[in-house]
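Visitor: Given next are the chains, with one letter for each unit.
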Amino acid sequence: MGDRVGIVAVAESTPAIAKENLMDAVYWVTKELLDKVGVEREEVGTIVTAASDVFHSGISCANSYYWEASGGFLKNASRQDADSLFAFLYACMRILSGHFETAMVVALTKGSENPENDTVTSLYADPFYHRPLGINETTAAALQMRQYMEHYGISLEQCAMVTVKNLGNALYNPYAHVRKRVTVDEVLRSQPIADPLTAMQCAPKSDGVVAVLLAREDKAKKLTDNPVWFRGYSSAMDTSTLGDRDLLNGMLSQVARRAYAMAGIVDPSTEVDVAEISEPYAFQELLWCEQLGLCPEGGGGRLLDSGITGLHGRLPVNPSGGVLATNAYVARGLYRIAEAYWQLTKRAGEHQVDKTVHTALAHSTHGFAGQSHTVVILGD
Amino acid sequence: MGRSVAIMGTGQTQHGKRFDVSYPELVKEAVQRALADAGLSPEDIDGVVAGTMPSMMEGVALNHLYLADAMQVVGKPLLKTETCGSTGMSVAHTAFYWVASGMADVVLAVGYEKMYEGDSQATMTTVADPWIQRSFVAGAPGIFAMQSNMWIDRYHIPEDRLREAAAVISQRNHDDAFDNPFAHIKVRVSLDEIMNARIITYPIRRWDVCPNSDGACAVIFMSESRAQQMGRPAAWIKGVGYRGDESYLGDSDKVRWNTAIDAAKEVYQQAGIINPRRELDVAEVYNPFTFMEMLLYECFGFCDFGEAYDLVLQGTFSRGGDLPCDPSGGVLCTNPIGATGLIRVAEAAMQVTGKAGTHQIDGARLALAHAMGGVSQFNGLMILGSDR
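Protein chains in written order, with numbering that gives the first Met the number 0: chain A, 0 to 379; chain B, 0 to 387.
Since the hints were made in silico from the structure, they are not lab data. Just to be clear, a hint being listed does not mean it is correct.
Where chain A lies over chain B, by a calculated footprint (3+ residues, C-beta under 8 Å) [what the hints assert, rightly or not]: (1) 240-249; (2) 370-380.
Incomplete in silico selection of chain B near chain A, CB under 8 Å [what the hints assert, rightly or not]: (3) 76; (4) 83; (5) 92; (6) 96; (7) 184; (8) 252; (9) 254; (10) 257; (11) 258.
We treat Cβ as the ideally placed atom computed from N, Cα and C, and that holds for glycine.
Just chain A, with the same shape it has in the complex:
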């Protein structure tokens, strides 16, 4: 890997439930992105988008529909399914291959035109053994949560506190979907979904388009004074059968170790300045923090209690409000990149963390109880 890849601009859609159709929403966000650095569509080297057919308003082969709206007309472009961090990584690869100077990454999901998320996630299950059991992302997460609480003595209140913290952070993020001050009691008394999960511990269904412009090192320095650099990544899939997996010790620990090694990070709990973690279920932020090495095993609850992960703590986690506040399913990984970028370039506005940020972590997950995990490390 010779050259470095830098992020030179980021654009996000707002509000979280948009009136525009998907084509307009994609057009406006990509246009805003290119205008920020004065780049014409013709100058963009390649485009990688992220969208899934099942989260795509009843249209199959997602990128066929929004191709020209994302600037793809007569361009060498491609698409990643399921997770927009895949698209981010593929765009980095396209630049590092030496074939392209710049790459635009666009992630989109219009949750308001889709069925309920779990109507879709139940279709992840194999059709013969698991699907008839009613397994979906939420019921799988409930199993994981119960195990997590019992094994490490994590309390319901600690899990609910994640929602309180993240929705509170979202109050300061103009791009967030659910923005409100709530109490632990309100979270625990919200509608039971799959015991022990209540409605407010589960992520909503949001609309969202995010676009990120990447450039090779020399080009990045020409386009902006403060590029954010891609420093490390890793990703892994777990086995598909839930019963074959250790839900408290999945792939995330090894993914994190590999990403830190690539980025030259030795002690993540002191070297990572801010983390944007995908927590579609509140307790997962605690579990993922442990597996990301931000605290000791079983210490997720204490980490939260200490206030370290608060907006102005020593290691803020999800200052944007996270996935609990905004869940444009496929786009949520690239939202983490976008939010890490705002923090690194001190452009997060009211939710800018109260410390100097040199290193940020972006994480995404999909599948039952974290079957797929991806971690990206960014730095200034």
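Since chain A is already given, all that's left is putting chain B on it; use the hints.
Guide: Frame of chain A, contents of chain B only:
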């Protein structure tokens, strides 16, 4: 540009109606064959690229989750590339860029489809937007018939001779499939039967159309240093090109089809090809419809516009001709869509490494592989060669 990348192993399933295996078993069959062909074990793979058609095809969403074990990707990074019909080619491109970037040395590309689990034409109709195009787009034949008719009209192609040329293409592919152990449809048909078969969508008749197939394909991509350590013939990637059109059919010219023309220019430029018909030894053109195969010859510069039918009748694109096309029997005889583009790449790699068996083109050293997709939107190509 970038690091050189080679294909060091390919694996295909027995394509066809595979009610004997589950979806994961089908995928595993191709993956195991690719690993065996390359002499590798799963631990040697750094990452996996997977691709398929929309979830509606088999009724499993984000099916890399379901097929993770079959693809040997547990504990490893995965990318999931999907671009409709051109998915298989885009999967190959992703594996290429991944290795060329230096972020991995050995990447396994897997494309798969189990089309007898669902209704492929119903699925493909949902590719069109629900408001304007969907109500009149009748699956793939409707779109490609329209494109073929525009082409016939533009160049005043004589219909009787074109009909005969399409029959020659159909018969050639069906005959060639007998030499491909993995091919699905193996039927002898006469020119007369082909020309008088029932009409599907004018001008497309029964034998001008590809089948539905169950099938998977796996291909192993390697960095230059790792490939050279293997000490065996490699298929080197000489060019990678891709272009996409707008989603509305009427918004762009589908005869002088810019996505096909520009994607071909991109690969020829990278591979240093000036006269493709003379320089290429074999081409695996994505040919789900006979008439489209001829239109693509013209877009790829194998001949001038309006000329293909005449050259087909002269045998230019048959075995023994200037540029043999689809000696595997092509998409016309085997079409597990998510795998189909990758099968073109695998077949091209087999040709330039002398591993194509009874459908080997003697002395093939430079090959073209192609796939298309979307609502007549996407074209992706790859050039493979025996020499780095």
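Visitor: Against each hint, give a clear statement of whether it holds in the structure.
Guide: Against the structure, the hints:
1. For the segment 240-249 of chain B, the proposed coverage by chain A is satisfied: 7 residues have a C-beta within less than 8 Å of a C-beta in that chain, meeting the threshold of three.
2. Coverage of the segment 370-380 of chain B by chain A holds. Counting CB-CB distances below 8 Å, 5 residues qualify, and the rule asks for three or more.
3. Of the supplied interface hints, the one on residue 76/B holds, with its beta-carbon coming within about 4 Å of a beta-carbon of chain A, less than 8 Å.
4. Hint status for residue 83/B relative to chain A: holds, with the closest Cβ pair at about 4 Å, below 8 Å.
5. Hint status for residue 92/B: holds, given a least beta-carbon distance of 7 Å to chain A, under 8 Å.
6. At its closest, the beta carbon of residue 96/B sits 5 Å from a beta carbon of chain A; the interface hint therefore holds under the 8 Å criterion.
7. The interface hint given for residue 184/B is violated, since its Cβ lies 25 Å from the closest Cβ of chain A, which is over the 8 Å cut-off.
8. Contact between residue 252/B and chain A, as hinted, is not supported at the beta carbon level, the nearest pair being about 12 Å apart and thus beyond 8 Å.
9. The interface hint given for residue 254/B is violated, since its Cβ lies 16 Å from the closest Cβ of chain A, which is over the 8 Å cut-off.
10. For residue 257/B, the interface hint holds, since its Cβ comes within 8 Å of a Cβ in chain A; the closest pair sits about 6 Å apart.
11. With 8 Å as the threshold, the beta carbon of residue 258/B comes within range of chain A, its nearest partner Cβ sitting at about 7 Å, so the hint holds.
Violated hints, in rising order: 7, 8, 9; the structure is consistent with all others.
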